[in-house]
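Enquirer: Sequence:
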Amino acid sequence: SEADRDLDLLAAASKAAWLVGLVEVAIEHGERWHQEAAAGGQAEEEASALIHLARLYWEAGDHQREWWAVREALKVAEPLGESRTLARAYALAAQAHMLADRDAEAVEWADRAIALAERLGFPDVRAGALVNKGTALLHSPEGHERGVALLEEAATEAEAGGFGFTLNRALHNLLVHQVMVWPPARSREALRRMQETGERTGQASEAPAWALHASAIAMVEGDLDAALDAVRQARRSTPAALEGYVDRFWLDFHEAALLLELDAPDRAHEFLRRHEANARPLSDPGEPVFVAAIHVSLAARRGDLEAVRTALPGAMAAPAWSGWGWSHGAMVVPALTAALRAGLPPSEVRALLPAERHAAGPDRSTPRLASREHLEAALLEAEGEAAAAAELYRRAAGRPGVHRPAYLVAECRLGAARCLLALGDEAGALAQAREADRLLERWPGWRRDQVRALLRRLDAGLRAAALTPREREVAALLAEGLSNGEVARRLYISTKTASVHVSNILGKLGMASRAEVAAWAVRAGLARDPAPGPALDPAA
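Numbering of the sequence shown is given in the working numbering, commencing with residue 16 and proceeding in unit increments.
Please note that a few of the clues may not be correct.
Pairwise CB distance ranges, derived in the manner of DEER restraints [unchecked claim]:
no. : residue 1 : residue 2 : range
1   : Ala527    : Arg471    : 32 to 40 Å
2   : Arg485    : Ala402    : 33 to 41 Å
3   : Thr510    : Ala402    : 43 to 51 Å
4   : Gly416    : Pro328    : 47 to 55 Å
5   : Ala534    : Glu321    : 22 to 30 Å
6   : Pro303    : Glu456    : 33 to 41 Å
7   : Arg251    : Gly496    : 29 to 37 Å
8   : Gly416    : Leu477    : 32 to 40 Å
9   : Glu17     : Pro303    : 30 to 38 Å
10  : Arg215    : Arg80     : 26 to 34 Å
11  : Arg215    : Arg251    : 19 to 27 Å
The calculated EDC-like cross-link candidates involving lysine to aspartate or glutamate, where the alpha carbons are at most 16 Å apart (straight line), are [unchecked claim]:
no. : residue 1 : residue 2
12  : Lys30     : Glu46
13  : Lys523    : Glu488
14  : Lys30     : Glu43
15  : Lys511    : Glu486
16  : Lys523    : Glu486
No lab work stands behind these hints, which were simulated from the structure alone.
For every residue, glycine included, the Cβ atom is placed at its ideal position computed from N, Cα and C.
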C-alpha cells in the first residue's frame, strides 16, 4: 500500500502468495507486476512477469490465458537477443507444450533453451529446461529411459545449485512416472527430498501433492489403510481458504477409488455425487477418464451392466490412453477387469480399445506392458482361453523391474489361479492364490475375501484328494457328529477299524480334533445330509 507500483514488491507479493497456495491472489499481484513493467518499458521485467503468470494461469486451469502469456513472453524476449530472459522464455514454451502433451514441440523448445542456457552460463534455466524435456520424453516408449535420465540429471543439478522449485518439479515428475518402476524405498527417498526442499523454500502449497505421492507409494506396498490416511492427510493440509495445487475434488476421486477397494460402494458413490452436484472446470485433462473409471468400477461391483456401458466410453477415451500412465495402470485397467468379471462381453471392451495399443515395436515402459498384459489376460479369460490367459496373468504379475500396486499384482495372481483351476492344475492354482493372499495381507476388502474363498476351496480339494475313498466317507460321517462306534455301524466295519481311519484322517489333514475334521468336511463338500435316517445295526 505504500509503494504499490514497485516492481520488486509486486513480484515478491505474487511469488509469496503462490508459495502458500493463494493462486488468485498471486495472479492479481502478478498482473499488476506485468502492467507496471509494460507501462514503464522494462522488457526484462515484463517478460519475467509473463513467465511467472503463465505458470499461475496453468495452476488455475485457465489454459487460454496461459498460452497468451507464453506467446507474449516470447514476443517480449526475442528482441532482447541471446539473453537469460530469452532462454527462460524458450523454457516456458517447452513447459507449456509438455503440460499440453505436445511432446515433440516441447522437446524442440527445451533443446533451444538448453543450448542457449549453456552458451550464456545459466545453470538454473538449463535445469528447468531439462525437466521439461525429460518429462516430455517419458510419455513415449522409445524416449522413456532417456526421459528418466534427464529428470535425474535435472534433479542433481537443481539440488547442487539450490534451485528448489526445479528440484521439486523434477522429483515430482519422476515419482508420477516411476512409482511403479522404482522399489518403494527409492520412491520414499525421492519424496523425502521433495518435502525437505519444499519446507526449506516455503512451498507449503505442495503439501497435498506430497501426501498423494505417499498414498501412491502405499498402494504399491499394498497398505490400504496407509493409502487412505495419506489422501485424508492431503485434504487436511489443503485449508479451505487456499486454492493450492491439488484440487479437492481430485482428492475425492482418489478416496472414492480406495473406498471401492475397501468394499464401501455407498461411501464411494457419495464422493461422486458431490462432484456431480458441484460441477467446476476440470483441473486435469485425464480427470474425465479417471472419474469414468470409478463409475465403471462402482457399477461393476453392483452388477449393473447398463451403468457400466454408460460410463465405459469415458474410461476408454482414446486420447487419454496414449501414455497408459499411472491413472490407467492403477484405475482404468482394474475397472475394465471388474466389468468383465461382472459379465460384460469382452467384445464390448475390445471395440473401444485404442488402436495404438497394437502398434508394432518394442515398448520399454514395463509398467505399461504389464497393464496391457493384465487387460489382455482378463479379456482372454472372459473369452474362455484359460491357458493363454494364465500365461499372460503370470507374465504381468512377475514382470521384472515393475512395482505395480500390490492389489493389481494380486488380481493377476488370482486370475492365474482361476485359469489354472479351470485347466485342472490345482497345485498351480493354490500357489498363485497363496501369493495373492500374501500381497493382500494389508489390503482388506472384497479382493482379499475372494482370494481367501478360493484358497479355502483349493485347500479343501487338495486335502480331500489326499484321503482314500473310505477315509472321505468317514470324514463325511464325522461331519454328521457320529462317534467311532456309530461310524463303524454305518459302514459295516469294526469300531477299531473306524478308529484307525479317524487317526489316519487327522494325520493326513494335519488336524488335531474330530471337530476340526468335521468343519473341514463341510467346507470341502464331503458332508452328507445332516439329518440321515436311523443307523443300521450290523447285528440285525
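Enquirer: Determine for every hint whether it applies to the structure shown.
Expert: Taking the hints in turn, this is what the structure says about them:
The beta-carbon spacing between Ala527 and Arg471, approximately 19 Å, falls outside the hinted interval of 32 to 40 Å. Distance hint for Arg485 and Ala402: a CB-CB separation of about 35 Å, consistent with the stated range 33 to 41 Å. Range check, Thr510 to Ala402: about 49 Å between beta-carbon atoms, so the 43 to 51 Å window is met. Taking 47 to 55 Å as the suggested C-beta distance range, the pair Gly416 and Pro328 does not conform, at roughly 33 Å.
A beta carbon spacing of about 41 Å between Ala534 and Glu321 contradicts the range 22 to 30 Å that was offered as a hint. Roughly 34 Å separates the CB atoms of Pro303 and Glu456, a value that falls within the hinted 33 to 41 Å. Checking the proposed 29 to 37 Å range against Arg251 and Gly496 shows it is violated: the Cβ atoms sit about 56 Å from each other. Range check, Gly416 to Leu477: about 34 Å between beta-carbon atoms, so the 32 to 40 Å window is met.
Against the hinted window of 30 to 38 Å, the Cβ-Cβ separation of Glu17 and Pro303 comes to about 47 Å, which falls outside the hint. Checked against the hint of 26 to 34 Å, the pair Arg215 and Arg80 passes, with Cβ atoms roughly 31 Å apart. Separation of Arg215 from Arg251 is about 22 Å and conforms to the stated range, judged on CB atoms against 19 to 27 Å. Using a Cα cut-off of 16 Å, the hinted pair Lys30 and Glu46 holds, with the two alpha carbons roughly 12 Å apart.
A threshold of 16 Å between alpha carbons decides the hint, and for Lys523 with Glu488 the separation of about 15 Å falls inside it, so the pair holds. Proposed proximity of Lys30 and Glu43 is supported: the alpha carbons are some 11 Å apart, at most 16 Å. Only pairs whose Cα atoms come within 16 Å are accepted, and Lys511 paired with Glu486 is accepted, the gap being roughly 14 Å. Our distance criterion of 16 Å between C-alpha atoms is met by Lys523 and Glu486, whose separation comes to about 10 Å.
Comparing the model with each numbered hint stated earlier shows that hints 1, 4, 5, 7 and 9 do not hold.
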